[in-house]
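Keeping their order, the protein sequence lines are chains A and B.
When we follow the numbering used here, the leftmost residue of the first sequence carries the number 183, and every step to the right adds one.
When we follow the numbering used here, the leftmost residue of the second sequence carries the number 847, and every step to the right adds one.
A few of these clues could be false.
A few chain A residues facing chain B, derived, Cβ under 7 Å [unchecked claim]:
id, residue
1, 246
2, 263
3, 266
No more than 30 Å apart at the CA atoms, straight line, and that leaves these computed lysine-lysine pairs for DSS-like [claimed, not checked]:
id, chain 1, residue 1, chain 2, residue 2
4, B, 860, B, 909
5, A, 278, B, 909
6, B, 870, A, 278
7, B, 891, A, 278
Rather than coming from a laboratory, the hints here were simulated on the basis of the structure.
Keep in mind the model is a prediction, meaning the values are calculated, not measured.
Every residue, glycine too, gets a C-beta built ideally from N, C-alpha and C.
As a plain string of letters, each chain reads:
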Amino acid sequence: MPIYNSFHQPQRGGSVQPFPAGLQLAGPVLPVQIEVPVALANQLQSANQTIPNPVSGFALIDTGASMSAVDITVIQQLGVQQVGIANVGTAGGPQKQATYPARFAFPGTNIPTIDFSQLLGANLAGQNVPGQQGPLIALLGRDILQHFVLVYNGPLGTFTIAF
Amino acid sequence: MALDTELRYFESIKGELLQHHEGKYALVIGTDLVGVFDHSEEAYKAGIEQRGNVPMLIKRVSKDDPVETIPAMTLGLVRANL
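Generate the whole structure from the sequences, applying the supplied hints.
So this is what it looks like as structure tokens:
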């Protein structure tokens, strides 16, 4: 079972120091590159149309979310059209929200590419990840976490994903 | 809301779909049931190939509609600091 380890442990004078505050501030985040779905990329290619460039940022692992979400501005940049409607629980009762397909790649990690058939479109504008260069553009919910083993080591400032 | 037409059409044929296709995924564009598929990905591929990059409703044929919960978004707490 492949394993990915994420460390919030800055090197100081050649030795690695645990940095639990880094993980507490940033949360369990992964670098992510969001791309158009394969079916759409193939259709654009066969029509000699330009495939939109992937959008890079970070994805936060959110065990509280039953469904993964993507920033709506990313979807607009990619030109992906709506494919569904999800009922999302709110304080005022369930509300209908748009869903979209997308492909997630995780550069610099050994985590395989994930094809989402339905992601919730969300407003994540202006959400930056402390200590990281790049915006927060996605939430990874339990729809994908059901395939992973996740270990959150707060005292050591690390988290581990096995898949 | 986008896909209102598709959602209303899906609800109008849901009873019939439940009889023969429960657990599968219906693809609806406008008031046209394009097809029923085993997987959501297959439905999207068929929609793209047959109609292009247009809004489409891909919906699981099920008696119940699940309610998704995303507290961080619902409560606006993705980044909350004291």
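Requested in this report: Given the hint that residue 891 of chain B pairs with residue 278 of chain A, test it: the Cα-Cα distance must not exceed 30 Å.
Outcome: Holds: residue 891 of chain B and residue 278 of chain A sit about 24 Å apart, inside 30 Å.
Report task. Against chain B, run the beta carbon of residue 266 of chain A and see if the smallest gap drops under 7 Å. Result -> With Cβ-Cβ at 5 Å, under 7 Å, it holds.
Report task. Below or equal to 30 Å on CA atoms is what counts here, so check residue 870 of chain B against residue 278 of chain A. Result -> Between residue 870 of chain B and residue 278 of chain A the Cα gap is close to 21 Å, so the pair holds against 30 Å.
Query raised in the report: Holds or violated: is the Cβ of residue 263 of chain A closer than 7 Å to a Cβ in chain B?
Result: Nearest chain B Cβ about 5 Å off; hint holds.
**Report entry** Restraint status (C-alpha distance of residue 278 of chain A to residue 909 of chain B at most 30 Å)
**Finding:** Holds: residue 278 of chain A and residue 909 of chain B sit about 17 Å apart, inside 30 Å.
Query raised in the report: Keeping to a limit of 30 Å between CA atoms, is the pair of residue 860 of chain B and residue 909 of chain B held or broken?
Result: holds, 9 Å
Report task. Answer holds if the nearest beta-carbon of chain B is closer than 7 Å to that of residue 246 of chain A; otherwise answer violated. Result -> Hint holds; residue 246 of chain A Cβ to chain B Cβ min 5 Å, cut 7 Å.
Every hint, counting from the list given before, is met by this structure.
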